[in-house]
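Colleague: Protein sequences appear in the order of chains Y and F. For the first sequence, the working numbering gives the first residue as 595, with consecutive numbering after it. For the second sequence, the working numbering gives the first residue as 14, with consecutive numbering after it.
FYI, nobody ran anything at the bench for these hints, they're computed from the structure. Any given hint might turn out to be false.
Under the rule of at most 16 Å between Cα atoms (straight-line distance), these lysine to aspartate or glutamate pairs were calculated in the EDC-like manner [to be verified]:
hint	chain 1	residue 1	chain 2	residue 2
1	F	K577	Y	E665
2	Y	K723	F	E291
3	F	K394	Y	D647
4	F	K316	Y	D691
5	Y	K605	Y	E669
6	Y	K819	Y	E870
7	F	K312	Y	E665
8	F	K560	Y	D647
9	Y	K605	F	E561
10	F	K883	F	E984
11	F	K327	Y	D647
12	F	K560	Y	D615
13	F	K560	Y	E870
14	F	K410	Y	E669
15	Y	K724	F	E291
16	F	K624	F	D693
17	F	K410	Y	E665
18	Y	K702	F	D308
19	F	K316	Y	E704
20	F	K312	Y	D647
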Amino acid sequence: MDLQINNLHKKYGNGVYALNDVSLTIKTGMFGLLGPNGAGKSSLMRTLATLQDADSGTVMLGDIDVLNNKEKVREVLGYLPQEFGVYPRTSATELLDYMAMIKGFSNKAERNEIVNNLLNKVNLYDVRKKAVSSFSGGMRQRFGIAQCLIGNPKLVIVDEPTAGLDPGERNRFYNILSEIGEQVIVILSTHIVQDVRELCTQMAIMNNGKVLFSGDTDDALYAIKGKVWERSIAKSELPDYQKNYKVISNKLVGGKPLIHVFSDDQPAEQFAMAEENLEDVFFAKINELA
Amino acid sequence: MWKFIVAEWKYWLKSPMTWILFSINALLIFGAVYSDNITIGGGVGSVHKNSPHSIQAYYGVMSLLGLLMTTAFMNATANRDFQYNMYQLVFSAPIKKWEYFFGKFIGAYTMAIIPILGVSVGSLIAPLMPGLQPERYGPAMLNGHVLGLVGFALPNIFISGVILFTLAIIFRSNIVSFVGAMLMLVLYLVSSGFTRDIQKEWLANLLDPFGFRPESILAKYVTVSEKNLHATPVTGPFLTNRIIWIAISAVLLVVMYYRFSFSTRNATAASKKKASPEVPFVPALPGTAKIAIPDAANKFSFKLLLNLIVFEFKAVVRNPTFIIIATIGFINLVTNLTSFTGAYGAAQYPVTYHVVEAIQGGFNLFLIAIITFYSGVLVWKERDARINEIQDASAIKTGILFTSKLVAMMLTVGLIMLLTIVTGVITQMCFGYHRYELGVYAQSLLVIDMLKFSYLIIIALFFHYLINNRYIAYVAFIAFIIANSFVWGAMEVSTLMVQYGALPTMTYSDMNGFGPFVKGGIWFSVYWSLFALLLAIVVYAFYTRGKEYAFPHRWAEARLRLQKNMAVTVLALVAFIACSGFVYYNTFILNTYHGEKESEQISIEYEKMYKKYEGKPQPRYYDLNYKIDLYPQQRNLSVQVTAWARNISNQPIKQLYFTMPSWRDSITIQVANATEVLRDTRHKFRIMELKQPLEPGDSLQLKISFMRETKGFENEVSFSQITQNGSFFNSFDILPVMGYSSDQEMEDKNKRAKFKLPLRNRMPRLDENNMAARSNTYISGDADWVNVNTVISTEADQIAIAPGSLRKTWTENGRKYFNYALDKASLNFYSFLSARYEVARRKWNSIDIEVYYDKAHAANVPNMLNSVQKSLQYYTANFGPYYHKQCRIIEFPRYAGFAQAFPGTMPYSESVGFITDLRDVTKDDIDFVYYIVAHEMGHQYWAHQLIGAGMQGSEMMSEGFAQYASLMVMEKEYGKDKMKKFLKYEMDDYLRGRSNEFEAERPLIRTEHQQYIHYQKASVVLYYLKEMIGEDKVNSALRSLIDSFAYRQPPYTTSLAALRAFRKVTPDSLQYMITDMFENITLFSNRVMSAETKKVGNEYEITIKTTSEKYRSDSLGRETAIPVNDYIDVGVFSKPEHKGNLGKALVLNRIKVNKKDNAYTYRVKEKPYEVGIDPYNYLIDRVPDDNVKKVD
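Bound conformation, chain F alone (with noise of 0.2 Å):
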């Protein structure tokens, strides 16, 4: 066997490809880890980019696409023999079949490891150039590449290898390792959708042979500081998969070598083939046939071409390997389509678009393969079939040849389409959704798609017939696509004009079908189609007919085509250049747009030049009156606004900074007595000059006029505010901002320090003697209470909505005019939206319940209803007044795909629970829309009426309470059992969050924009306190917040606030919480150990053993442990009824635990099924899982 394998390694070493493979990874991975323009995998925020964590998943990126590789070895080692025809002479020499398959598998499977070794190297070197910023970089440490290597790097190129080489050596067909190849990615795609339902994990972690799934999960809650320190050990879920796949490769290889034989295989080959009965010629009688005469020959004849598509078509389809392929396809396609499911598990209808989306992330993978490898197979048919000749050599002319060839290529995608939708269509009727829109289909998968598509099969036919070497153009083809979806990002050139075959996205739309993205769909279609045409007439310039290959040859026939058919081409030329032109003129001169590099340019010197203004006193809008017009089918906007500002500091104002909105065509300010002394248009900066300067508590009145107009097209779709049936902006969209706007800068820690910016807080730091900060709210810095009048017109079958309530309606100029005015004075923050609705209302306690709908989006509207009225009732009974008339829930197109709360107006976008499946939803699911209603409710009281100081925590007060608030609605309605798994959602949300902290986790008072903290901690910890004090104790503590602090002028309140009143109504016993839970990280790890139960007459002994720990963690995730001190539940649960709840408590006990090591011993009447230590999760457990455990 010894000899086999030096053999192999001799072959490899000396060969090139083993060294080019080495220095590609290599390549790969140092640009990975010097520059931030290539990402694969691990490096971001504050983990090290060589970070143990990041080394190791980089290997186990490589290690997928080294797949590629593998086969590229295990193919060879396998094959060689064979291609040489050597077989016959090794096969008959003396050495033993075990040598021969062991040797060479072992040999080829050793080589194959050489070059994801280059991780390591590009890993290793990349630190040690110079001009890096030393603080992404940790020192250079081995357990990650150890752990990268045994975790993924060495099993996965043994279980494909095995794969690989058994199928190779066995079957001896390119395509059949293909296809084993395509399996084993087919499985890791379809692990990936049991990830996303934390109940399915277990099968996503066997499922995956590649190992991704059970790792991630593994880490998915590890913090910043250990992914600097550790990688993945290989544990748990993760060895276990680590082993079965082994195993079944172990297996798997064992098995092939009985199969294999070195005598039988030409036998079985042989066999195969039937012999047809052999013939004898006879001579005919003279013949009698009429002569016949072609019709077609070098003539164009359209029934010539159907005939010649329709045997092309045949040959692809009734190929057994395309069929195996589709087949695949199909299978990961089905396995897509069970389920649609949105945030926290919550079933989702399967509207049209979504299973258009399940169709395209499906298949598109697969119809680009049949691409690729069928382009090829139709081209080079005649020549594998040495058919050429022949064909050749007969009247037909090349264009009708090649066209052939190209349709029937599209008739295979089409046909694969079309399938895909019958597929769809099935998969809507079993989840009894019958509104199946097949126009949508249509025009996603049959027109967009396929034109996509048909481009790629337009460049891969170009790369064979021009470069005339199969395997070459397989590679360039590949090649080409890969560079040309990102070479083109990486060069900061982001037109769609260069970038072969791009359409600009079209984001199809319940409410607005197609919108705003059909006219530059539209353009680039004809632009690219024209394109792919002129290719097309290149590649039957250069079809090859006959013998002569070499270029000169190529090349003289080739003009002698195109000048035979140089009017089309011309005008195919003429037409492209006309419409390039056009296209040209729509995207850079009609419509402008910055790429990323110009917009993180301009916020850089935005900073520097203006910065200064900073925290200058300005005037403060307080009155605000819109006159707007809107025309949704044009897209265009006109907005006229009169404001008040008055001076509220103590000191004069003489000038007027104005950071400008930025999508405007023009915008005009007139102030009396002002002079505007600057105009920067880069950077949307004005300043005006006053004669008098504006005095302390003088008011100065503003005249703005907005215009926006919609000129062509655009590149990609930027504004989509204004639209044909749904339209929304906000405020903020089209008011200039008063003074200097933190918000345009920079944040991204390391590229402010790339480009040598100051170190920027994400908010200032929570601090109540911090006036400054204290002046604004954390929404916007120009404005305090406001009151808002609106007069918006728009189409007559549209309704338009601004702010508060309809004081008048009335039609003019066939156009439909609203006048809305607000009833208490808000933040200046709130939506204006317009389209063609239906309107649910109901009324409670004088308050006007709607609902603004789609008609096809009815079905959760009663629901919605609902919940406002309950949310309602809650909150006017717990936390006080609700000063609006009116609740408004809103519909707006999915280009945005969140709700959000203005003052008595909440939009929802179309995507988020008005297509949620509630028919179930009290067996299992979480009612997500129930959810979110109650929490932008919650909003109307926290935000709109308590809003915190622009400063660390003022979300806290803002989204936690909101969550806190929804959650209480929620039980009421579902009770609690339903509210476990909602928190569930919720602490693993959180866990996952802090894993992926960019810059440094801060406690719950003192949270910056990060929604892990403010949303899903906020809502474990205030349920938690709620379960330690009462909710009545925690509500009267909210209560006293908005007593104290709703609509109040500045300063504004702090989280330090809440704070105090959450203190003050927790009894001493437990303050201990407030000070781990609200001002630290604290973490715990509770489990029970062992459960032993015996029965003692008629009852049931049962001794828990448990373990608690207790730790205070970091901002980058270091932990230390702590003394526990703290009352945990203990609790003897009887078998439930339903699997995944916890049955009825047979004992719950609150404790107080101040060691370690626990034991406890119940007797109890009932049969104990489960036993558990906080089994309810209220404490943040790092594992939440082993909390609870079942009786032995």
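The following block holds chain Y by itself, in its conformation from the complex (with noise of 0.2 Å):
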């Protein structure tokens, strides 16, 4: 089952668009939707998860129409919104409950199995009459796969679920989400490129509401392979260098500022051959580079 999105638009009341002519196809497998604070990719996963309309374009899931019979989606759906709060006083397993009631198990006794079968699988029994609110970030966040996961959904949507979790605690995750990966359409809305990097095999890049890339996570790379090329220079010569040269990037290392220039050949001699990442893409892409 494949998601075909296409040509969605979504305007603002202020009018700036969140979705700008977006198309997109997504098959199963983790998907990475990549792009700054603010590109639209919280909108367009609003849009997927039933909770936002779009002005046009249409969306299918399979045979879905997603915009217009969202009761369909939401049974097939598991959605981890960017932010998620809990119930006070509440513990994992009356909270996973109650989610398991909306998405519609009212047998009591399945729905215990599957709280336990799930708490379990995020490995949060031993802590499941624990409340919510006293979890890590991490913790909180297997929470938050777990409740997606009830009921066995087709497409799961968890939008930047990594943020604010400390190195471990991500590590961890990812091998959470890359086990669900392997049936389901998994769609991770980030802005960190290594989150994409490591679990995606297909991504998409977002700015301004438009779809800067889509397709292959390895063709993308493909695409700069041998084009970026890296120099350690001062800082005062950084506007001369944004000047001359395609400056994908620059961060500081060591106190002096490592420039990443995009090109089909090498610029100048001081520059190396820079090991081409998706964060080159990422900048690329953004700063209409390539």
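Hints in hand, dock the two standalone chains.
Modeller: Laid out in structure tokens, this is it:
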């Protein structure tokens, strides 16, 4: 089952385009949606999660018309929003049980089984009686994933799931995600390039509501293979370089700017070829260099 | 500190809120002073609408309402730095804690005073408006404003300000502040429970944080003219209360200052949360679990709904705030349930309907608060927890989500109701009362109230979902409840079909259940339930799901949802329209009613059109034959009267004028040789013209046919006289009045002025030469002494009662028939009753004493029989013979709460006497049952034998002498001590009554419809007279009145005859007393200043210093001192056995006191405990409590 997004438009009241002619085809597996803050990722995610309407365009999940048949979508949807809280004084079991209710499980025994299974799966079974509000960030996100998986969804949407997690927590979180990604469509939005690189076979890059790139992650990397060059320069030289070269990015390494430059050939001999990474793709795309 | 104060000032002076609140206060008070349609305390009758007393009262009331306003100031000031996360910057700046804390408080406090100053502005501007009635306004005076501010506004804002500010700054929680405000209100409400009992006033004085109780207790005897000149000074208990509460607040402020800290706040907040231990993720083994398919995704599942309801319900009831509010509610309820007291402080049985009323009084406010608050909490719960996106994207039907919240909220209310019922039953148990009527509890609280609260819940949810902004929704909801409760009344729209969720009043009666109220109650419930259902459908359609908040999106979504549920929506709409049609048909077409304005208009027109017929000679009824058929189940009545009337005037009568009784469907009057020339149905007036004038001394026969059928149901049940079990109506209800009836005229003098009607005396002036007025009794204008014969039929299991002896009874067509006839011609004023009665009988000297009662109300029946017998014994011995062959007490439902005396029959409301708890009566209470029976028995002489003319003073001879008679019967049974307690209530009621006088206080012999005079003052004065000249003398005067005037034809006698009779038996030395007490308004101020004692040998020498002052008062309470020259008791008493009574009198001297300051010295053998001047409070004294003093 594919998710087919065609010419999706969404304009906010203040005239800003949240989605500007977005078209994507997403297949089973992990799909990474990359973009800076405010790129329209969350708008897209919410639209897919039936929480927002589009002005025009179509979205088809298999044969389900996502925009007009929200109820059908919700039956096969697992959604972990970017902002996600919990009820106070409510234990993991209670809250997950409630989530199972609102996903349509009316049978208490069946819910108990689902809840225990999922808590086991994300390894929160031992703390199931503790209030979710007392969980650490990582535990909470795992709880979020657990609720996502209630009812075996066909489409899982996770919006910025790793924000605020420490590296260890992030790693553990990847493990769970990748496990799910084997059978269903998982859309992961993030502004952290690393996430996509490690998890996703397909990806898209968005900025200002537009899709700048979509395709296989490997293709993206291949496109810039051998075209990114790096060089350490003095701070004062930066404006000159920015004027003369297609500077993808600059970051401080040991207090001195290290610039990445996009160029088919070696721009100058002080430049060394950089190892291609998704970050360069990202910056190249949003800076409209490639 | 100064800089913080100034910062607050700048902030609030620029804030529009300050000035909006100021304008609201100014406008409200302007409205109250300008028009009669807005009432906020003070300013009725002859009290100026801008009198100092009224303005002080406005300040009081507004300082209570201002609690909300103060909350706004205090919360905002306390939280501002935290709300905008400024606190880290502020607290790390080099400032001192005390500067910050007190600076902010003082700043906010001073600014919170601004809004309430609107009271002064409004009340100063309103009297300047054109077109006002000048006599209702006085000059602008400073004292009311100053004392209003000093007594109420400034302290109350300080007290509430401290509580709200400190709670807000320490706990930073709206809920805690809310609970704090609630607690203050609870204390105020609790204190009100103690004002009813004179002995507990001191407690009320202290408990009330707003100072209303001590102020009103201090001002309770203040007269009209004093109200127009003075406000209540901040002295005595009022001052004590203010000081205590300000001190409590100041201590709280300081304590909280020490608790407040810049640095520890976050540490303490964080340490509260216990973090769960970190559990790392370990990938599980490949899942073997079977794949679960949801069975109820996007489907309706009852099981799922139930589960969700339980989840939401738990969320509310487990919330600590809910528990706190409910607990406060229960504390308030329990204090409400600690005593059930009727008139004269007499205990009553906690019958279930009383307990239910106490629950409603004690808890409704809390339930509304809970609904207000928790509807919001439930609606915003997901969004607050930021779980909404997950929920919204789940495959659950919106209807189920919404329904689960709605039902959970209803269950919450239901749970509280159940708990109140349990509390109620426990209360009844504690009182040793074991008739637990669970059905009554359930119907009142779990059905009727539950429905009303459910309507509120739905409208609350409606506001939250449609407005989609929590705070605006809260405000909108509260504004809606307030507006809904008074806007319709103000607009003169009285149909309950427009007042959201309004159900007709339903009064439960032990005798009659919900009787006549059932039908209308059910239909209005159906009507509003259907409307609420429609509202619920709208709320469902607009239930916020997803992130699209713009209206076009929500509208589109709503249309979609409605389309999907078209069938239900249309069905509900059709049902609602059909139901409104039915309710409209019943309340507007089958039954009509006049609004208040309309009734006023009718009475104005009646007076203008027909006043010219007043006093025209008319025939007078003297013989009436009734044939009455009563259908209690159908609530129908048919009456045929054959009446004879005679022309007793000295001129022929050509025209007959009739004023018709008000509740009837049809009435026909047939008079031989007479034709109807006018039938005015709007004003219920008819004129018939006789072909042959009726010559003096001639009689004519009238055949009157009266029908009343109950059709459908009314908007509010106005007709409860004929009912399933307990019909009760009197002759005025069914018999046309011959001639013009001045009773129909508008009485309120201010309204009369407004409608440009001429000044109207409440009664004609006392004048023995006014023969026109003396030609009628004050009861009726168309008859003297009449014979009555009645055949009355009713349902087979009921007993019907009519005036006189029962001659015959039989059964016909499955109905019971009774024939009654009067043994002695009586006033044309008698009653008819029918119900399923138990009857208790006793015979005394060939008189049948009977009590007809409901079988649940047997407790006091023996006492009633006793009181009737003892009354008969005393009255026949002292006043004269009793002419009827029976004395009947007959119970009727509590739709009216009085007892009334008709010839030989005395209907009693079930709420009077039948539920009085006499188990402990000999200890402390007044035997209210015994009293009221003796009083009504007194009327068998005073009113039904001797009746005064239709002029001032006649009521003294009916009510006043009946009071005296009952006092004598009570004194014989219970002794003098009990009389002191009774008279204390009488004195209190008299002094309060004159304080609330609407027009003019009259001396006793000129009382005019003034109950506080002809009941309360008469009791005190006649008892005093008896103490001074002796019971025999008073009784002989009364007997002489009966001998001369009982059952006399017109001209009727006046109170002047009574005055002469009293003068005749009073020695010359005491004649001044009659002048003072009957002919004038005289008050005393007696006081013990000091009482010193020293031991001389075996004896005690005691020196008492007293002051005595005496005043004359005019009709508005302006007092002038006059010299004292009165016999007053001075006494020394030993320690009493019972608290609250006086002990044995060691000395009791009646001394002629003729100057203000006096000293008396006595020697006594026993140790003196108390001394007193006028210790038994025989004299009318504005401060009765300082007459007795403990020995130093």
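Colleague: Let me make sure I understand: some of the numbered hints might not hold for this structure. Which ones are they, in numerical order?
Modeller: The structure breaks hints 3, 5, 11, 12, 13 and 20; every other hint is satisfied.
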